[in-house]
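S.K.: From first to last, the protein sequence lines are chains A and W.
Position one of the first sequence corresponds to residue 345 (my numbering), numbered consecutively onward.
Position one of the second sequence corresponds to residue 345 (my numbering), numbered consecutively onward.
These are computed hints drawn from the structure, not numbers from a lab.
Do not take every clue at face value.
Copies of the same chain look alike in the list, so a pair counts if it fits in one copy or across any two.
As the list claims (entries may be wrong) - Capping the alpha-carbon separation at 30 Å, the derived lysine-lysine pairs in DSS-like fashion look like this: (1) K435 to K393; (2) K483 to K562; (3) K372 to K432; (4) K488 to K393; (5) K432 to K393; (6) K483 to K471; (7) K426 to K393; (8) K483 to K393.
Computed from a prediction, not measured in an experiment: that's the story for all the values here.
The chain contents come next:
2 protein chains.
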Amino acid sequence: MAYELYYWDGIPGRGEFVRLALEEAGAKYLDVVRTSHGMSAMMEYLRGKHGYLCTPFAPPFLKDGDIIVSHVANILHYLGPKLNLVPKDEKYRIFAHGLQLTIADFVMEAHDTHHPISTDDYYEDQKDEAKARTEAFLKNRVPKFMGYFDRIIEGNPASGGYAIGGALSYVDLSLFHVSEGLAYAFPRAMKNFDSSFPRVARLRDMVRDRPNLNAYLKSDRRLAFNQSGIFRHYPELDQDPGRTGIR
Amino acid sequence: MAYELYYWDGIPGRGEFVRLALEEAGAKYLDVVRTSHGMSAMMEYLRGKHGYLCTPFAPPFLKDGDIIVSHVANILHYLGPKLNLVPKDEKYRIFAHGLQLTIADFVMEAHDTHHPISTDDYYEDQKDEAKARTEAFLKNRVPKFMGYFDRIIEGNPASGGYAIGGALSYVDLSLFHVSEGLAYAFPRAMKNFDSSFPRVARLRDMVRDRPNLNAYLKSDRRLAFNQSGIFRHYPELDQDPGRTGIR
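Same shape as in the complex, but just chain A (with noise of 0.2 Å):
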């Protein structure tokens, strides 16, 4: 049986860390939001339609039969095994846990660079907060998180230049899409972001590089980065590197 993903159409999002993983493995999914009559479906679960141990807080989940799993960290956590995207180690297991949860700390920040003070409110309304908390999360922030993701790649004592063993994992993939979404919001900012962290930019390209993920950043499938997701590139937020903590 196919998986099912939910999640908000017409931006990547938080969904797109579960959809590469997906899409990565050529596991059968579907992405229900963009098929007919998939908003209703995904707003009943939200709803609580589908009894309490199905009602999850807010999209992304996963369906695997009569299973929901909420939360992308938990969803990878979820399929890694499945997918062959983790070692089976246990120690691994919690290591690449422990990762994903530090990539969903980063991501959160990396909204809230456009969104300070209120999500419920549009970016045009705490425009001045956001170059405040844009400089902080340039400056402090990104060396610190990237900085880090940097050298676990460096102390992985299996070759390959993957965050987890000798293979890729869902990490990994994860860290591919949010050096992505980085170049995408601050062009300027991430001018040196590949001299800077080597290691993670080495494993972006070699990510961007597998034929099916590959083949699906081609498909339309991908959802372009846009002005309404996590990472949004507003002109007035960038910055030149010499300001960052990007050098």
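Using the hints, position chain W against chain A.
M.R.: Leaving out everything else, chain W in the frame of chain A:
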């Protein structure tokens, strides 16, 4: 062998969610940083001295033998079955983990009420923005998250008033802590917390009255809320209930 919890001393912070689980279960554990040389022991892990699988991004992390588990939700997912604080059935474990990740998101939002611009700067340098963010938090976000948890408890077919099944889980302990944190930080705004979220309030009281928890709360192992943690009481951020969504 005793579990080792690594977390900053001096605040309940994110470490408290783990402490509550260990204390309720009567598990043997060492709150490492509160012992002599504990801080340098923690820093060794963060600096990667124990190998890359044992290099968390940030505290809290748990050591169990040669396994290091980082992030609160990951730790509780790991400890849950061992401490008998989650049903063994996979479907329930996944659901519990999803709820805990929702709590993690809420905790980050609670933190950002006093640090909406930069976590590396002082509250005093972002006071106006903190007021605006807190207003949105109390108006929209607290009702959205706490209303969700209230509906989950209500929808639980097992009687008992718990979030998951018919017995206490780590999610209940975390909801207790979040409720206490909100009451500490925003005593005025939370005046109608109990009537707005009656099931969460009842659960909070049930947890507080459990013998192990109650003994812990009265002990010196319990750190009081203060002005350096997630939940901080700044009177100027608090609001009249009428201006919030908790009425």
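S.K.: Does the structure break any of the earlier hints, and which numbers would those be?
M.R.: 2
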